[in-house]
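Peer 1: Single-letter residue listing:
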Amino acid sequence: MFLADNLPVVTENPPVLDWWLLAPLLTVFGAGVLAVLFEAFVPASRRRPLQIGVAALALLAAFAMVVLQAGSLPEGQVGTTVAAGALAVDRTVLFLQGTIALLALVSLLLISERRDGRDAFAAQAATVPGSEEERAHILAGSQHTEVYPLVLFAVLGMLMFPAANDFLTMFIALEVMSLPLYLLCGLARRRRLFSQEAAVKYFLLGAFSSAFFLFGAAMVYGYAGSVNFAEIRAAVDAGGAAIFQEGNGEPLLLLGIGLVAVGLLFKVGAVPFHNWKPDVYQGAPTPITALMASGTLVAAFGALLRVFFVPFGGSAGQWEPVLWIVAVLTMVAAAIVAVSQRDVKRLLAYSSVVHAGFILTAVVAGSSEGLAGAMFYLAAYGFTTVGAFAVVTLVRTKDGGQELGDLDRWSGLGRRHPALAGALTLFLLAFAGIPLTSGFVGKFAVFEAAVSAGATPLVVVGVLSSAVTAFFYMRIILVMFFRDPEADGPTVVRAGAATGGVIAIGVAATLLLGLYPGPVLDLLPPSGEEPAAAMADQAAGTG
Amino acid sequence: MIPWLTIAIALPAVGAVLVWALPRVKAPDTVSETAASASAGGGTATAVRTKAPAATGGPASAENAKRITLGFSLATLAVLVAMALRFDTSDAGSLQFTEVHEWIPRFGIHYAVGVDGLALALVLMSAVLVPLVVLAAWREHDDREDGGRGYFALVLALEAMMIGVFAATDVFLFYVFFEAMLIPVYFMIGRYGRGNERSAAALKFLLYSLAGGLVMLVSVIGVAVYGGTFLWADLVGGGSALAALDPSTARWLFLGFFIAFAIKAPMWPVHTWLPQAAGASRPGTAVLLVGVLDKVGTYGMLRYCIELFPSAVSWFVWPVVGLSLVSIIYGAILAIGQSDMMRLVAYTSVSHFGFITLGIFALNQQGQAGAALYMVNHGFATGALFLLVGFLVARRGSALIEDFGGVQNTAPKLAGVFLVTGLAGLGLPGLAPFVSEFLVFLGAYAFSPVPAVVAVVGVVLAALYILWMYQRTMSGPAGEKVAGFKDLSAREAWAVGPLLALILAFGLYPQPLLDVINPAVERTVETAVDASEEGGEE
Numbered sequence: 001m002f003l004a005d006n007l008p009v010v011t012e013n014p015p016v017l018d019w020w021l022l023a024p025l026l027t028v029f030g031a032g033v034l035a036v037l038f039e040a041f042v043p044a045s046r047r048r049p050l051q052i053g054v055a056a057l058a059l060l061a062a063f064a065m066v067v068l069q070a071g072s073l074p075e076g077q078v079g080t081t082v083a084a085g086a087l088a089v090d091r092t093v094l095f096l097q098g099t100i101a102l103l104a105l106v107s108l109l110l111i112s113e114r115r116d117g118r119d120a121f122a123a124q125a126a127t128v129p130g131s132e133e134e135r136a137h138i139l140a141g142s143q144h145t146e147v148y149p150l151v152l153f154a155v156l157g158m159l160m161f162p163a164a165n166d167f168l169t170m171f172i173a174l175e176v177m178s179l180p181l182y183l184l185c186g187l188a189r190r191r192r193l194f195s196q197e198a199a200v201k202y203f204l205l206g207a208f209s210s211a212f213f214l215f216g217a218a219m220v221y222g223y224a225g226s227v228n229f230a231e232i233r234a235a236v237d238a239g240g241a242a243i244f245q246e247g248n249g250e251p252l253l254l255l256g257i258g259l260v261a262v263g264l265l266f267k268v269g270a271v272p273f274h275n276w277k278p279d280v281y282q283g284a285p286t287p288i289t290a291l292m293a294s295g296t297l298v299a300a301f302g303a304l305l306r307v308f309f310v311p312f313g314g315s316a317g318q319w320e321p322v323l324w325i326v327a328v329l330t331m332v333a334a335a336i337v338a339v340s341q342r343d344v345k346r347l348l349a350y351s352s353v354v355h356a357g358f359i360l361t362a363v364v365a366g367s368s369e370g371l372a373g374a375m376f377y378l379a380a381y382g383f384t385t386v387g388a389f390a391v392v393t394l395v396r397t398k399d400g401g402q403e404l405g406d407l408d409r410w411s412g413l414g415r416r417h418p419a420l421a422g423a424l425t426l427f428l429l430a431f432a433g434i435p436l437t438s439g440f441v442g443k444f445a446v447f448e449a450a451v452s453a454g455a456t457p458l459v460v461v462g463v464l465s466s467a468v469t470a471f472f473y474m475r476i477i478l479v480m481f482f483r484d485p486e487a488d489g490p491t492v493v494r495a496g497a498a499t500g501g502v503i504a505i506g507v508a509a510t511l512l513l514g515l516y517p518g519p520v521l522d523l524l525p526p527s528g529e530e531p532a533a534a535m536a537d538q539a540a541g542t543g
Numbered sequence: 001m002i003p004w005l006t007i008a009i010a011l012p013a014v015g016a017v018l019v020w021a022l023p024r025v026k027a028p029d030t031v032s033e034t035a036a037s038a039s040a041g042g043g044t045a046t047a048v049r050t051k052a053p054a055a056t057g058g059p060a061s062a063e064n065a066k067r068i069t070l071g072f073s074l075a076t077l078a079v080l081v082a083m084a085l086r087f088d089t090s091d092a093g094s095l096q097f098t099e100v101h102e103w104i105p106r107f108g109i110h111y112a113v114g115v116d117g118l119a120l121a122l123v124l125m126s127a128v129l130v131p132l133v134v135l136a137a138w139r140e141h142d143d144r145e146d147g148g149r150g151y152f153a154l155v156l157a158l159e160a161m162m163i164g165v166f167a168a169t170d171v172f173l174f175y176v177f178f179e180a181m182l183i184p185v186y187f188m189i190g191r192y193g194r195g196n197e198r199s200a201a202a203l204k205f206l207l208y209s210l211a212g213g214l215v216m217l218v219s220v221i222g223v224a225v226y227g228g229t230f231l232w233a234d235l236v237g238g239g240s241a242l243a244a245l246d247p248s249t250a251r252w253l254f255l256g257f258f259i260a261f262a263i264k265a266p267m268w269p270v271h272t273w274l275p276q277a278a279g280a281s282r283p284g285t286a287v288l289l290v291g292v293l294d295k296v297g298t299y300g301m302l303r304y305c306i307e308l309f310p311s312a313v314s315w316f317v318w319p320v321v322g323l324s325l326v327s328i329i330y331g332a333i334l335a336i337g338q339s340d341m342m343r344l345v346a347y348t349s350v351s352h353f354g355f356i357t358l359g360i361f362a363l364n365q366q367g368q369a370g371a372a373l374y375m376v377n378h379g380f381a382t383g384a385l386f387l388l389v390g391f392l393v394a395r396r397g398s399a400l401i402e403d404f405g406g407v408q409n410t411a412p413k414l415a416g417v418f419l420v421t422g423l424a425g426l427g428l429p430g431l432a433p434f435v436s437e438f439l440v441f442l443g444a445y446a447f448s449p450v451p452a453v454v455a456v457v458g459v460v461l462a463a464l465y466i467l468w469m470y471q472r473t474m475s476g477p478a479g480e481k482v483a484g485f486k487d488l489s490a491r492e493a494w495a496v497g498p499l500l501a502l503i504l505a506f507g508l509y510p511q512p513l514l515d516v517i518n519p520a521v522e523r524t525v526e527t528a529v530d531a532s533e534e535g536g537e538e
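Residue numbers (the numbering used here), protein chains in the order written: chain A, 1 to 543; chain B, 1 to 538.
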């Protein structure tokens, strides 16, 4: 700091920013800002290709930089923090960020898909559904290219969420991720009232959960005297900040853990905080559902793993029993409710809740095997689920307009469209955890971690829940392949290059991670250490 | 060294992909059917490819698909026979033709295959049955839009997994095949089966097996956690980490495996999926389902339950023997009451599997040798019976006993073969199943006289269900129900003939089979007996 000698000092410790390590986030952020400017200055007719191009480039660049950063981490070193300890850059974070960037890229393909000049989004969201004005906008071919900057900001939040190294940064990431998603949920072209209802529900419940998170963070601050994860961890080990010398700060910490957990469990959709998922997944435009079901879930679990393993790692004895109960509830309740679902998007939503329960068993394991298992599961599940939603976008009602989610009317789909139904079958088998698919390796990884950690009863609940979920996955296959096509069956629109590509990527990832998962598993934290050892955490100002 | 087993697993898998990916063409009226090879099939297909998207596989491509399927299944059999000739019988108790390659190093998972005498016998039995099933199913799917190509692709895919599941020597790999096998069968029953109940039957079959498999997954994970490895060879024996396991953990792990195998076997009271599944199956599917898939259950009991957790066995002996006896009697009684022949044969199998599990858990040389021999013989005898019922179904469009009568007047050869096969099923001396049944009785008697006596009742009942079925369908005056019945065609004779020959051959001279099976069984018995003696000393 040779300049500091003869210049006025603004702060005592000016943060040293490692721009390279921040570059993935800044790229996505910059692209988002640029995209907003495009909306203002580029003529409407030319916006779409420009927006798609910028968004895709930004996500690709972010992925490439994440890979380079992971490659440049010195052997034996976990990682570091940047921006005065606000963000962690370690192997765990980089793996999750890379996964999120790829999943967002794949979802972007789906978002950009357009048929007869129409995409999945409302022509003009501000018009009243069913009004003359709306009709006029549809006829004029209006479109919301604002979708792309919104997606970029949401992805920025997703990339930040698992990387945050203090509660305030994490809260900001949470909001940056959520706010655009609330909006995007309400933009469906068809069944707009339904979509808007989903958006309002998601917003209200999401706002509540954010408030819980913030309250929790405040409690923890009261206990530890800091929001920084490393300092909280030290405080937890020491029994509280200096003012709690008699150990009487415990209630504050427990309240804090509980409230923060509510906020995070809401985002991952664990029972009893799962009620938003079916409504939102069903009402949102399907490409956005795909983004939420993959990217958001990875980000939320990344943050959850980080919070429980790093700042609260020292008080595992307190939170583990609670997560046990949540995991059991999630696996059992969601599986049972899912059995009676008839709409494919609602079914996939409940399925996502059950999968969240499986991943929670790995969190409960509290080991680095658990961490690695959860990370692999997230990556495997993400690609499969995007592929599944891509298939859903293609199955429409007879007139070819609206998606047909009613599973009972999918009879004979496998006879008429073997390739499409075959791809969906593969995804469903992966969800059910049948060997030779990625879902099985993921399930094995999390269950193995749980058994190693002595949580065998939890695994028994898990396999029984799997057996129940298998029923409804297999039932879809039954309807598609074993029943004869009906006269009023669905129309399958021809997959465009983008949607076809998404399905192909989903199939490839599902098979590859199922048959040859070694290379991806090698990227995960090594087993045998404390999970926190795989995560960088440094006190504020040392980054 | 030639990787025989890998070739035998890969061949049908490749064949399945080929049949499935065969270009879908609408054939012109005249198709030169000179060559049956795959390349010729492809050549014809590209030459006559039409633009019509509606063509989803005409007769020509379906015929080619069948020929390719038959070719691949025969080639697989040839490979396995060549391998069997190199099998060292004097060392049949240890694994031969072993291959070990790392697959998922992080979890210590290997692609590891190898066979001892028992596995070799079962692998060969599977490989013998598949081409015969293909022959028997030749005309079954002609009226389908795809001419049955999908079915034949599934048969080949299933064959690869059947060989894999018997040959796997890594517990994880075994589990992979064990579970993955269900999917082709699910489609074979649900999509290509018979009757209106087929999708419900397929779903029931899948859910039962999957539930069992998932329970087993916990035990598989337990093996890795407590045993430290998935390699079977490192897990067995006194020096392994599993041998030092505390008894209650060993019992739980044993139980996890056992539940899955009992569902598969199928043992009373978790057998209820089988009659429905067999009733809704095409006969060929039923042959593979009952003849091979269910054997995985009894094979697993020997290979995994007993050998991995010998210390837990003594605790389970009496309950399992009890369930076996119930299965024997219950299966036989229900078989007598069936009106559908497919279901009848399925119930006889519940009874037969009771004998097999009884032999296994008698825990002595005769009992287990008999059980192992029974597995092979039952595959041939019941396989033949299912195929013959299938021929009847093909003629009449029904499997109900009341729809037949006096067949021996119109189709004497068919009736004769049916009788011989039926007699094999009831354990007539001179036919293969008799030898195994006799050994099981010896073993059971040596274990304890009461179960042996109860089991004998099963044989009496077997005579009743077989002969009564024969009487109602084959003898008596030929009514109009069976008018115009054709006798066995050449194709049908080729499908069932080899099985009859094997039943006769092994009935008169079972020694070669016993030579390869016995050493493997001796090993299992020793493991179990040693462990129970140790347990007694403590």
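Hint data in this document are derived by calculation from the structure and do not stem from the laboratory. Be aware that one or more of the hints could be misleading.
Stated by the list, open to error - Rough simulated footprint, nothing fancy, chain B against chain A, three-plus residues with beta-carbon under 8 Å:
| id | segment |
| --- | --- |
| 1 | 134-140 |
| 2 | 458-469 |
| 3 | 513-521 |
For glycine and all other residues, C-beta sits at the position ideal for the given N, C-alpha and C.
Peer 1: Tell me the numbers of any earlier hints that the structure contravenes, in ascending order.
Peer 2: When the structure is compared with the hints, only number 1 turns out to be violated.
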